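Engineer: Residue numbers (numbering that gives the first Met the number 0), protein chains in the order written: chain A, 0 to 291; chain B, 0 to 676.
If you are wondering where the hints come from, they were derived from the structure by calculation, not from laboratory data.
Quick caveat, the model's predicted, so the values are computed rather than measured.
Using 30 Å as the maximum straight-line C-alpha spacing, the simulated DSS-like pairs for lysine-lysine come out as follows:
1) A:K274 - B:K472
2) B:K370 - B:K471
3) B:K472 - B:K370
4) A:K274 - B:K370
5) B:K114 - A:K156
6) B:K587 - B:K237
7) B:K354 - B:K471
8) B:K578 - B:K630
9) B:K471 - A:K274
Over 10 Å on every C-beta distance to chain A, these chain B residues come out as not near it, computed from the model:
10) N284
11) N420
12) Y421
13) V442
14) P603
15) V653
Note that CB positions come from ideal geometry on N, CA and C, so glycine has one too.
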Amino acid sequence: MSTDADTDDKPPGFLDAVTERFADVRVRGLLFAGLGGLAMLFVVMFERGADVGGLLIAVLGAAGLVLGWRASPAFVLLILLYFLVFPYGLPPPEEDPFELEYGTFRVADVLMAAALVMYLSAHYRLLGITRLAMPNEPGGFGHKTSPRTRPADLIRKGELLRTFTLTAVVVLVGQIVWAVVINLEVDTLGDSPLRFADNTGVRRDGGDLSPWRTRLVAVVGLLFFGTLFARLVFGYWRLRTMTPAEGAMLLTDAGWDETRRERVRVEGWRMWGVKRVADRVRAGKLDKGTKR
Amino acid sequence: MLTARGYWFLTLVALLLALGVLVLPDYTVVPAILGLTLLAWFTWEWVLFQVRVYGCATRLRAERRLVQGGREVPMVWAGLAFEVRVRVSHDGFARLPFVYLEDRLPQAADLNAGKNGVAFDITADTPANLSFTLKAPGPGVLRFEGVRVRVADVHGFFHHRRFLRDGIETLILPPFTDEEGRQRADKRMNTLPPPGGHRLRRPGSGSELLDLRDYIPGDPPKMIAWKASARRDRLITKVYESDVPVRAVLFLDTSEGVRLGPPGTTPLARMAALASGVAQAAASNRDLVGLTTFDEEAAAAMKPARTRIHMLGMMRRLAEVAALQPTPRGAPPEQLTRRAYPLAEELYPDLTNRKLNTMPLGRLWLPMLDKWWGWVVLLLILSPALTTSSLAYFGPNDNVLGIYPNKIALWWINFTAYFGNYLIRHTFVRSLDGFTRIFGALVCLLIAFFVPSLIGGLIWFIHGVRGWFGRKKVELVQRKRLCAVMAQLDGSGPDAVERLVHDDAAYAVRVGNFLADRQVRVPVPLYDELGRYRFRSPAKVPVLAGELVRAVSRARDNELYVILADLAELGPDLGPLEKAARVARARKHHVMVILPWPAGLPGPDDKPTAADALPGRRPATAATVRDALAKHYHEQFRRVRRALGRAGATVIRVNETDPVRVVLDRLDRLRGLRTRR
Numbered sequence: 000m001s002t003d004a005d006t007d008d009k010p011p012g013f014l015d016a017v018t019e020r021f022a023d024v025r026v027r028g029l030l031f032a033g034l035g036g037l038a039m040l041f042v043v044m045f046e047r048g049a050d051v052g053g054l055l056i057a058v059l060g061a062a063g064l065v066l067g068w069r070a071s072p073a074f075v076l077l078i079l080l081y082f083l084v085f086p087y088g089l090p091p092p093e094e095d096p097f098e099l100e101y102g103t104f105r106v107a108d109v110l111m112a113a114a115l116v117m118y119l120s121a122h123y124r125l126l127g128i129t130r131l132a133m134p135n136e137p138g139g140f141g142h143k144t145s146p147r148t149r150p151a152d153l154i155r156k157g158e159l160l161r162t163f164t165l166t167a168v169v170v171l172v173g174q175i176v177w178a179v180v181i182n183l184e185v186d187t188l189g190d191s192p193l194r195f196a197d198n199t200g201v202r203r204d205g206g207d208l209s210p211w212r213t214r215l216v217a218v219v220g221l222l223f224f225g226t227l228f229a230r231l232v233f234g235y236w237r238l239r240t241m242t243p244a245e246g247a248m249l250l251t252d253a254g255w256d257e258t259r260r261e262r263v264r265v266e267g268w269r270m271w272g273v274k275r276v277a278d279r280v281r282a283g284k285l286d287k288g289t290k291r
Numbered sequence: 000m001l002t003a004r005g006y007w008f009l010t011l012v013a014l015l016l017a018l019g020v021l022v023l024p025d026y027t028v029v030p031a032i033l034g035l036t037l038l039a040w041f042t043w044e045w046v047l048f049q050v051r052v053y054g055c056a057t058r059l060r061a062e063r064r065l066v067q068g069g070r071e072v073p074m075v076w077a078g079l080a081f082e083v084r085v086r087v088s089h090d091g092f093a094r095l096p097f098v099y100l101e102d103r104l105p106q107a108a109d110l111n112a113g114k115n116g117v118a119f120d121i122t123a124d125t126p127a128n129l130s131f132t133l134k135a136p137g138p139g140v141l142r143f144e145g146v147r148v149r150v151a152d153v154h155g156f157f158h159h160r161r162f163l164r165d166g167i168e169t170l171i172l173p174p175f176t177d178e179e180g181r182q183r184a185d186k187r188m189n190t191l192p193p194p195g196g197h198r199l200r201r202p203g204s205g206s207e208l209l210d211l212r213d214y215i216p217g218d219p220p221k222m223i224a225w226k227a228s229a230r231r232d233r234l235i236t237k238v239y240e241s242d243v244p245v246r247a248v249l250f251l252d253t254s255e256g257v258r259l260g261p262p263g264t265t266p267l268a269r270m271a272a273l274a275s276g277v278a279q280a281a282a283s284n285r286d287l288v289g290l291t292t293f294d295e296e297a298a299a300a301m302k303p304a305r306t307r308i309h310m311l312g313m314m315r316r317l318a319e320v321a322a323l324q325p326t327p328r329g330a331p332p333e334q335l336t337r338r339a340y341p342l343a344e345e346l347y348p349d350l351t352n353r354k355l356n357t358m359p360l361g362r363l364w365l366p367m368l369d370k371w372w373g374w375v376v377l378l379l380i381l382s383p384a385l386t387t388s389s390l391a392y393f394g395p396n397d398n399v400l401g402i403y404p405n406k407i408a409l410w411w412i413n414f415t416a417y418f419g420n421y422l423i424r425h426t427f428v429r430s431l432d433g434f435t436r437i438f439g440a441l442v443c444l445l446i447a448f449f450v451p452s453l454i455g456g457l458i459w460f461i462h463g464v465r466g467w468f469g470r471k472k473v474e475l476v477q478r479k480r481l482c483a484v485m486a487q488l489d490g491s492g493p494d495a496v497e498r499l500v501h502d503d504a505a506y507a508v509r510v511g512n513f514l515a516d517r518q519v520r521v522p523v524p525l526y527d528e529l530g531r532y533r534f535r536s537p538a539k540v541p542v543l544a545g546e547l548v549r550a551v552s553r554a555r556d557n558e559l560y561v562i563l564a565d566l567a568e569l570g571p572d573l574g575p576l577e578k579a580a581r582v583a584r585a586r587k588h589h590v591m592v593i594l595p596w597p598a599g600l601p602g603p604d605d606k607p608t609a610a611d612a613l614p615g616r617r618p619a620t621a622a623t624v625r626d627a628l629a630k631h632y633h634e635q636f637r638r639v640r641r642a643l644g645r646a647g648a649t650v651i652r653v654n655e656t657d658p659v660r661v662v663l664d665r666l667d668r669l670r671g672l673r674t675r676r
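Based on the provided sequences and hints, a complete structural model is requested.
Structural biologist: So, in structure tokens, the structure goes:
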């Protein structure tokens with residue numbers, strides 16, 4: 000026999016759970032920002048002729064935003080990559096001789112990059128609020144692990160506005176870096192191994208390396224020296240903030256590492272002696288307290 | 000620091016960038032631009048996170064306060080809820096937008112209300128305040144380790160873990176009054192002597208008349224019994240009884256055997272709570288109470304007194320001993336590591352960091368010469384060199400001590416030459432010409448000559464490389480890191496690291512202490528290799544007997560000695576205690592022995608329930624074993640009761656009626672009257 004109380008005690012359904020997830024207005028703001036980014040992606044893809052790709056991205060991305068799918072950004076990125084290369088869905092790709100020359104600061108590219116960053120930022124923030132914000136603790140002794148989420152109360156006022164600003168900045172940086180990368184040439188005999196290309200032709204062949212190798216050198220060099228610089232700065236900062244206990248552990252470990260071969264040998268012999276005496280005591284050949 | 004989500008995202012961006020920069024620009028530059036844009040975004044988030052971690056997370060500080068009864072307290076009472084307030088702040092310049100703080104709960108208390116872990120947004124001006132309520136079930140020591148801090152970015156790409164160590168220990172005093180403030184003692188009859196004294200039938204300055212005697216010059220006039228003097232026609236003087244204080248000395252067993260069990264409910268904790276109840280009830284009647292704690296080796300005594308400071312000291316002592324844990328003697332090192340390493344990783348994430356606490360691959364390599372057959376393999380490896388050296392030194396026909404060892408060497412040279420020739424003739428070397436043929440033939444000869452070295456080297460490599468994989472590697476790495484942490488905590492330097500790695504006994508003691516200090520139960524084996532119970536502790540009987548005799552030698556009046564000890568398994572070893580009890584009884588003192596009783600074990604006089612004795616039903620194996628153990632324990636208990644009863648001591652169980660009431664009744668009997676039921 001069912002009663003009203005029984006009906007009230009029923010676990011919430013799927014729709015209730017989704018509605019509950021976005022009950023907070025700040026969370027809804029993030030959701031709408033992500034959906035806006037997806038809509039912009041669809042429009043730009045539609046304009047490039049990849050309407051199927053745009054639709055796929057929009058549907059998959061929206062489902063991921065609403066349902067909290069962790070893998071949806073990866074699929075969105077892969078589908079986006081595929082339909083950028085094959086706009087009509089099927090190979091072969093069309094080679095464009097003017098793409099490199101006119102491929103910087105195009106409105107459609109800027110909008111696409113901004114929409115993608117906005118979508119990804121909204122998706123990962125929503126994922127942190129609704130599913131998992133930080134990895135589970137290693138299974139330590141005596142406590143259970145539970146997924147940690149970011150409470151919606153911690154969404155600060157103006158967070159969305161700051162995200163928009165950051166998106167604009169990183170889109171600008173991406174365009175500038177690309178413009179620099181494609182305009183560099185390698186000159187092995189010059190004063191500087193890298194220089195800006197004089198001509199702005201379709202194919203620059205003035206350098207000592209082919210264009211793709213030049214781009215590779217530029218991007219890898221940028222990453223390498225950027226990482227080196229960051230490592231230098233934050234490594235020094237880490238040393239500055241090192242606690243006395245950490246410093247002592249560093250010294251202990253270094254001392255152990257330098258002398259471990261001798262110590263292993265000494266301790267091996269010592270334990271051999273201890274075991275030998277214990278065996279003799281056990282066998283009754285030696286009483287405790289007698290000379291060993 | 001990079002989470003799995005961050006790794007996946009970075010991988011996708013790298014793929015996008017690689018294809019966009021190297022392969023696709025002739026078709027479309029958008030992937031490269033998108034890759035660079037996403038990389039710039041990711042880099043910005045990383046830099047921001049690093050700044051927050053180094054600028055703020057390293058400056059986090061925690062302050063803790065305990066509040067009970069509406070005021071801040073230095074120690075808490077067992078059985079009453081108390082509030083823990085933790086304030087975490089930093090003086091950094093940036094904001095930590097997402098920090099998860101979790102106060103590590105002490106083992107001796109349970110969460111009563113609130114949450115001990117909450118997410119915060121912390122700035123220099125807005126610290127995080129964590130508040131929750133705990134309740135300690137029994138007396139002991141409350142140890143707070145500190146606050147677990149987990150910092151993450153809002154996207155979940157990065158993660159940083161710290162532990163704000165704030166190790167403080169607070170005593171959990173045994174309760175005397177319940178939540179409503181009711182005392183455990185009963186109201187006495189008005190005919191009782193004033194609190195703090197009992198009648199001693201000796202002349203003194205008490206208030207009760209003891210006797211009448213003839214007047215002796217010098218007696219105070221106020222002591223003259225005028226009516227009796229008038230009746231007898233001579234001066235009679237009143238003699239009053241003495242009012243002397245009642246003394247009770249509690250002997251508490253703190254040996255290894257009573258420390259076993261879950262925290263807060265060990266026999267020791269229960270006996271400490273009982274001792275506390277007795278002590279406080281007696282103290283409320285202004286009786287003097289002393290406490291002697293003893294184990295297998297030594298005892299510590301507190302003289303009977305009734306001051307407030309003495310009572311607080313006694314509570315402190317009881318709380319300290321209630322938290323004692325068994326020494327992990329004989330515990331396997333692997334089990335200790337499995338318990339201790341996660342704890343060390345949790346409490347000392349900075350010291351167990353693999354960048355600071357390293358384990359080089361060379362240390363994991365398994366040395367072959369530790370085995371006897373390793374020398375055989377070494378001989379195999381060196382055999383070509385030894386053969387050549389032997390021939391070069393002795394010559395092919397030299398006679399050494401009547402034998403010709405180089406015949407073997409010559410045979411070996413001939414065999415390798417034959418084998419090398421075979422290789423030259425039957426491999427691709429045959430098809431080579433000119434210099435390459437000479438080179439190939441030389442290689443074939445060398446291979447044939449060094450075949451034993453190659454085989455031996457392969458055995459050596461396979462044996463050694465096994466140390467890099469598997470459970471053994473994990474155990475060794477964890478043990479070394481744990482030993483380094485121990486060495487760091489002790490300040491014993493690199494010497495102690497390798498010593499603890501090699502010496503299982505020293506490792507067990509040190510890691511056992513580490514766990515015991517943090518109130519983590521150590522898995523101790525209960526039985527030795529011969530199947531004997533390891534926690535019988537017969538050595539505590541002479542110690543207890545010595546302390547009892549010592550207390551008798553210092554006693555003033557009739558005293559009550561309450562022994563709270565686990566003596567059930569010590570029937571044949573109770574001789575010294577019987578003698579000491581006889582000494583005490585000979586001096587008119589009272590001796591009472593209270594034994595802890597295992598939880599769930601029926602009393603020796605309890606009748607079996609109907610479910611246990613169903614006719615025609617075979618009991619399960621577990622029930623049979625349980626019954627056998629119960630019978631054994633009952634028999635031991637009866638033996639102890641008989642032995643000590645003969646010596647004049649009263650033996651009761653902890654769960655038999657109310658031991659506190661029994662002890663107080665006995666104190667009343669000493670005082671001269673019984674309590675009204």
